[in-house]
Amino acid sequence: MALTGLFLILFLVVHCYVNAMIFWNDGGEKFTEAAHFMGTNVVIRITEIGLFAFLILHIVQGLKLWAKNRSGRSVRYEVSAGNATSKWYSRSMGILGTLILLFLVIHISAFWAPNRASQTMGNGELDLYGMMRDTFQNPIIVVIYLFGCISLAWHLVHGFYSAFQTLGLATNRYKGMIKAVGVGFSIIVPIIFALMPIAFFFHWIG
Amino acid sequence: MPLNSKIPAGELAEKWEKYKSTCKLVNPANKRQLEVIVIGTGLAGASAAASLGELGYKVKTFCFQDSPRRAHSIAAQGGINAAKNYQNDGDSTYRLFYDTVKGGDYRAREANVYRLASVSANIIDQCVAQGVPFAREYGGLLSNRSFGGTQVQRTFYAAGQTGQQLLIGAYQALERQVALGNVKQYSRHEMLDIVMVEGKARGVIVRNLVTGELERHFGHAVLLCSGGYGNVFYLSTNAMGSNVTAAWKAHKKGAFFGNPCFTQIHPTCIPVSGDHQSKLTLMSESLRNDGRIWVPKKQGDTRKANEIPEEERDYYLERRYPAFGNLVPRDVASRAAKERCDAGYGVGASKQAVYLDYASAIERYGKIEANKQGLANADKATIIALGKDVVKEKYGNLFEMYEKITGENPYEVPMRIYPAVHYTMGGIWVDYELQTTVPGLYALGEANFSDHGANRLGASALMQGLADGYFVIPYTLGNNLADDIRTKAIPTDHPAFVAAENEVRERINRLMSIKGTESVESFHKRLGKIMWDKCGMARNAQGLKEAIEEIKALRKEFWSNVRIPGEINEHNPELDKANRVADFLELGELMCIDALNRNESCGGHFREEYQTEDGEALRQDEGYMYVAAWEYKGESQYELHKEDLIYDVVHPTQRSYK
Amino acid sequence: MEHYNMNLTLKVWKQKNRNEKGRFETYQVKNISSEMSFLEMFDVLNEQLIAEGKEPIAFDHDCREGICGMCSMYINGRAHGPWHHTTTCQLHMREYKDGDTIVVEPWRANAFPVIKDLVVDREAFDRIIQAGGYVSVNTGNAVDANAIPIEKHEADESFASAACIGCGACVAACPNASAMLFVSAKVSHLAMLPQGDPERKTRVTNMIQQMDKEGFGSCTNIGACEAECPKGISLENIARLNREYIGSMTAGGSQNSI
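Residue numbers (this note's numbering), protein chains in the order written: chain A, 1 to 206; chain B, 207 to 864; chain C, 865 to 1122.
Simulated from the structure, these hints should not be mistaken for laboratory data.
Glycine included, each C-beta is placed from N, C-alpha and C at the ideal position.
Watch out, some of these pointers could steer you wrong.
[What the hints assert, rightly or not] Cβ pair distances, simulated, as ranges:
| no. | chain 1 | residue 1 | chain 2 | residue 2 | range |
| --- | --- | --- | --- | --- | --- |
| 1 | A | Leu101 | B | Tyr344 | 51 to 59 Å |
| 2 | C | Gln912 | B | Pro858 | 51 to 59 Å |
| 3 | B | Pro645 | A | Ala84 | 21 to 29 Å |
| 4 | A | Ile191 | B | Ser566 | 57 to 65 Å |
| 5 | C | Asn869 | B | Glu776 | 33 to 41 Å |
| 6 | B | Leu347 | A | Tyr17 | 54 to 62 Å |
| 7 | B | Tyr344 | A | Ile44 | 54 to 62 Å |
| 8 | B | Tyr344 | A | Ile56 | 27 to 35 Å |
| 9 | C | Glu1015 | A | Val14 | 40 to 48 Å |
Hey, can you work out the whole structure from these sequences and the hints?
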């Protein structure tokens, strides 16, 4: 979980960086340039396959873990500790992950899939910037994206620190720093993502 | 039968060396054919089972707890003595031997104690090699502290959890042997009888406490490592499950019981808070290193401790024993506390308590710390705060425990303490080889009577348990089993096994069929009260005679009116308890008989008729320099055998800690 | 501290044995003193049940001073009850007030099957230790105790890990019923000492393998174990265990030596 998770975190950084190009508010010029690079560079395309493999692996591992951990206790407690001994999001990684997965299905079928389909059929890349601008005029889609970002944020608050703990790197010395960076990351990245549909919706960028 | 203690001839210091170099050995191939049963898995049992497993014997261990790691050795807090002389303060094997014999008020066997002192250093080496995390100094070497009854620093410790760490070390060694297949481990099993074949102990009947089934197990030898019997007093610092049953069954099968009345009352326990009390909690004796014990000078003083000015406090231990002060041996400290409380100077709601005060230690440490930090004119508040930090580091876990139990903060108000039953020096009589009067049956650790005389020094119980298990029994058992290599394993359908099992079954059936009205717990409490009042910290002939009659009557009542709910063939803690209390009801009587027989005061045994003018214990070396070994002859019938104690090296004197 | 008495309602898990299904029973206890320990309150209840001709509640307990690790109640959703760094036997009734209802359950984990009522079988822990939680040193093999100096800080850290009492509260508290804190405490205790060094790779591999075999859940770093551990064993131990485990894989820790 930790290795695949960290890889996905790296992906988020890249994805966030590329998409943040829209905030230049230059009609999507810089963004399209970056998207073109990402969509056509051979190395990136191969890595993309790896990304999907890791995503699927992350999901499979997660499901296996969930199944194993559920089978660790067949008779459940009548009264549970609730938040007295742990954080709700730490206990809810499976649900948060499922929400993110649902969001991803919508997200991929809205942007990535049509684009790659068009490329594969030899019709070239689509105007992703334009698609974003159009798609995010629908308030329902904007709300779905916001939910996706919130789920991601909570998933990351636990996941970021947890990955380091699983790799044995969260020693007393670095634990505080890892937690702080993790929380910072979990707030900043989803906010940047969330700002994209919001900015289009409110026509802050055009 | 004359008692033969089998002490090897020769100079005291050479006896054990000589024994080891001349004892018989069993070759490795034969060891694999020899089966050994170990009852109890505390320090003595776990260390013995692990060591014998390593040697190649086929070992089975039994404990009534859910894991060997729960044994009550785990609760020992303060430390373990060893004559390492790492502190260069004049310690030596001889001095540890001498302190132990003197501390035991000259009622221990010289040869055994000397052997104990001489293997003490190996114990520390062994434990460190196992990964026991003893406290260390900044230089990386082991740290020591002082303990009651000695003037050197020879106590090794792991914060306030020394027993836990040593037991875990022995437990891990044991589990390793289980993994290797040399030891088979049975948890939640209680030994209910010894099986005798042709005059030798050849097996045991145990009850599986989960299913209630009885099982038969054969062994060429049986080792009793079942601990002490302090729970005969109901309230003690022992674990709730600690019991005499295994030892008592052995006694009834012919093992003599040595000095049953020698009980240690520990001076620093948290006082009783009410009738609901189920056990007493010890506060490590190491607290006496820094704490000062006092009561108000005025009788029945009702002021709060902090409101009583310095000049109106009686630091009675420092007053009576200037040389040792608060570090006098346990029996002396306990009696002094009782004396003050009986005279009406006790504190707290019950008036059965004295203060253990850390205010001056906090101030003293605070000043040292301020000095270290270069604070020239630190104000009082700073000093106190610094001092509290130091005390917290040294005794934090104990202070925390005190606060949990009493709800009072010991950093602010003095702790209240009172003596409580803690350890039994008496136990199954054994010879130098730790063999009982029953051939093939051995007793180790607190279960035997051997090394502490009439009073045990602090931090010596752990030492003895591990000495017996790691370093003594591997030699002495081999010496005896060497003659047994031709004995084939006896099948457990042998008539002796069948008969023993039937006897056990019959007794359980009898208990369950009483169906009376009073709970086991209630009988146990009543027995405890008789014992504490009449065979406790102070005893007299009149009281002991009464106690014997009262116990007999109580036993009769028990067997006609006890109520045990549940069934035989299931997990039934009430039945387990009933089995144990039934044995305590017999042991209690023997303890009183022994106390009545011993017309002297020595160590933990204080007969009011025998005391000096200022209330110190007065030994009668003329008539009582012997081990009283009692033989069971039928209900209430005990025959006294005497093993004379011969002091070749130490010359008994009146103990003085003044 | 003011003392007071209280009446309580107890909802306690009753289960005849491993195979039969359990259920909750409700009991009333009266005049419980605030000075009692939680287990003494149970003693009072059991005495009352025996007097009424009913069957008392089976529960594990032994030393009653917070060190043996035998007591094991899950009280109102909390392993060993609500007090921090405290076993059930050290929990005292001044925590509660008149009229309170307390729900008491056994440790629940498939690796800890119920034996009766609140008593569970924790032999899985013994088997994990058997898999490697020791230093292989036979009696008599030791060198002088001061032959190998150990840095005080390391020794203290090792001691902090060795303070584990094996009660199983970590498993009980973990939403995944994972035994990771227990295993990590033992691995850490020995990994931080030079004496434990030669076997550190096989130890961690074998202990983890045994842990998985026993049917405990996996660690997802939720942290409830640390919050409920009566001896304050920290998550740092789990990080160390993970390090040791990764280290053993990269360096080819074998699984066959004991």
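Each hint tested on the structure:
{"no.": "1", "hint": "A:Leu101 - B:Tyr344: 51 to 59 Å", "result": "holds (54 Å)"}
{"no.": "2", "hint": "C:Gln912 - B:Pro858: 51 to 59 Å", "result": "holds (53 Å)"}
{"no.": "3", "hint": "B:Pro645 - A:Ala84: 21 to 29 Å", "result": "violated (59 Å)"}
{"no.": "4", "hint": "A:Ile191 - B:Ser566: 57 to 65 Å", "result": "holds (59 Å)"}
{"no.": "5", "hint": "C:Asn869 - B:Glu776: 33 to 41 Å", "result": "holds (34 Å)"}
{"no.": "6", "hint": "B:Leu347 - A:Tyr17: 54 to 62 Å", "result": "holds (55 Å)"}
{"no.": "7", "hint": "B:Tyr344 - A:Ile44: 54 to 62 Å", "result": "holds (56 Å)"}
{"no.": "8", "hint": "B:Tyr344 - A:Ile56: 27 to 35 Å", "result": "violated (53 Å)"}
{"no.": "9", "hint": "C:Glu1015 - A:Val14: 40 to 48 Å", "result": "holds (43 Å)"}
The structure fails to meet hints 3 and 8 from the earlier list, while all remaining hints are met.
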